[in-house]
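Chains as they are written, first to last, in our numbering: chain E, 1 to 126; chain B, 127 to 252.
Wrong hints could be hidden among the right ones.
Stated by the list, open to error - Chain B regions said to be covered by chain E (calculated; three or more residues, Cβ under 8 Å):
1) 156-168
2) 196-202
3) 211-220
Said to hold, decoys possible - Anything over 10 Å on all C-beta distances counts as not near chain E; from chain B, calculated:
4) 130
5) 133
6) 138
7) 139
8) 142
9) 144
10) 148
11) 177
12) 228
13) 231
14) 242
15) 246
16) 248
17) 249
18) 250
By construction, these hints were calculated from the structure, which means they are not laboratory data.
Bear in mind the structure is a predicted one, so any value in this text is a computation, not a measurement.
Each residue gets a CB set at the ideal place from its N, CA and C atoms; glycine is no exception.
Protein chains: 2
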Amino acid sequence: MVVYEDKDFYIQKELSQIPWLKIFTKEPYKELGDMPKELRLQLWQVYDIVEYEMKSYYNPTKINMASFANMLPRVHIHVMARFENDNYFPNPMWGEKLRDTALTLPDENLFFKRLKEALHEFYSQK
Amino acid sequence: MVVYEDKDFYIQKELSQIPWLKIFTKEPYKELGDMPKELRLQLWQVYDIVEYEMKSYYNPTKINMASFANMLPRVHIHVMARFENDNYFPNPMWGEKLRDTALTLPDENLFFKRLKEALHEFYSQK
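Use the sequences and the hints to build the structure in full.
Written as structure tokens, this is what we have:
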């Protein structure tokens, strides 16, 4: 599910127990270092906004981020809000599952709305 | 083992089958977004250099990067050179081990030397 899109990037929701987004560039690149410098800087600005909005909306124990793309070499950034009682904490989401808990989280639609507003504001100031 | 150090950052080697470095800020921060903006930009520049040098020295199948710090909330960046025949590929290094292979890699000391030179050159141009 795409929750945000502009001319350079789109953001997808990953189905998971936790808030988990993936930031893609529209143009595909294999590695971060293959992106033009300006776009790379912009990606980190988009990342900063996603991290900030996730942190302020969900108040997670920790933010996790990662970029692998080993199966399909098309670089993208995972941003995850982790909670000390989520199913894998403190393991990475790719590690061993440690428990089976039901997390009670606020409405994700309001989060997506706030994130979109923050990204639109960022772009309108550029 | 610390393979590089300057006034803002240090880089540690992680013991692993694959080339794996961890970039730390000297000042501890919980999240990337807690870092002063200037230092964050500098971190991504250091990351770019580490990625570039790893890629050109080892010619890996894919670069992986991640930031978790769930056990000890002190943000740092993992940079890993992945090979299609390494023990976990295409899984992340935190995922299920898939095989037991011996990788033949070039001398890491020459890589550390080249990385240090590239970082020193970057700093001398600032």
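Hint check results:
Judged by the Cβ-Cβ criterion of 8 Å, the segment 156-168 of chain B is covered by chain E as claimed, because 6 of its residues qualify and three suffice. For the segment 196-202 of chain B, the stated coverage by chain E holds: 3 residues have a C-beta nearer than 8 Å to a C-beta of that chain, and at least 3 were required. Counting residues of the segment 211-220 of chain B whose CB falls under 8 Å from any CB of chain E gives 5; the rule of at least 3 is met. Here residue 130 of chain B stays apart from chain E, with its beta-carbon at least about 18 Å from theirs, past the 10 Å limit.
With a minimum CB-CB distance of about 22 Å to chain E, residue 133 of chain B clears the 10 Å threshold, and the non-interface call stands. With a least beta-carbon separation of about 18 Å from chain E, residue 138 of chain B lies farther than 10 Å from that chain, consistent with its non-interface assignment. For residue 139 of chain B, the requirement that its beta carbon stay farther than 10 Å from each beta carbon of chain E is met, with the minimum near 20 Å. Non-interface call for residue 142 of chain B relative to chain E: holds, since the shortest CB-CB distance, roughly 15 Å, exceeds 10 Å.
With a least CB separation of 12 Å from chain E, residue 144 of chain B remains clear of the 10 Å interface cut-off, as annotated. With 10 Å as the threshold on Cβ separation, the claim that residue 148 of chain B sits away from chain E holds: the shortest Cβ distance comes to roughly 14 Å. The beta carbon of residue 177 of chain B is not kept farther than 10 Å from every beta carbon of chain E, the shortest such distance being approximately 5 Å. Distance to chain E confirms residue 228 of chain B as a non-interface residue, since its nearest Cβ pair spans about 20 Å, more than 10 Å.
Non-interface status of residue 231 of chain B relative to chain E is upheld: no Cβ of that chain comes within 10 Å, the nearest being about 18 Å off. Here residue 242 of chain B stays apart from chain E, with its beta-carbon at least about 19 Å from theirs, past the 10 Å limit. No beta-carbon of chain E is positioned within 10 Å of the beta-carbon of residue 246 of chain B; the least distance is around 19 Å. Even its closest Cβ contact with chain E, about 14 Å, leaves residue 248 of chain B beyond 10 Å, as expected for a residue assigned away from the interface.
Against the 10 Å criterion, residue 249 of chain B stays outside the reach of chain E, whose nearest CB is about 18 Å from its own CB. Distance check for residue 250 of chain B against chain E: the nearest CB is about 19 Å away, which clears 10 Å, and the non-interface claim stands.
Violated hints amount to a single one, hint 11; each of the other numbered hints is respected by the structure.
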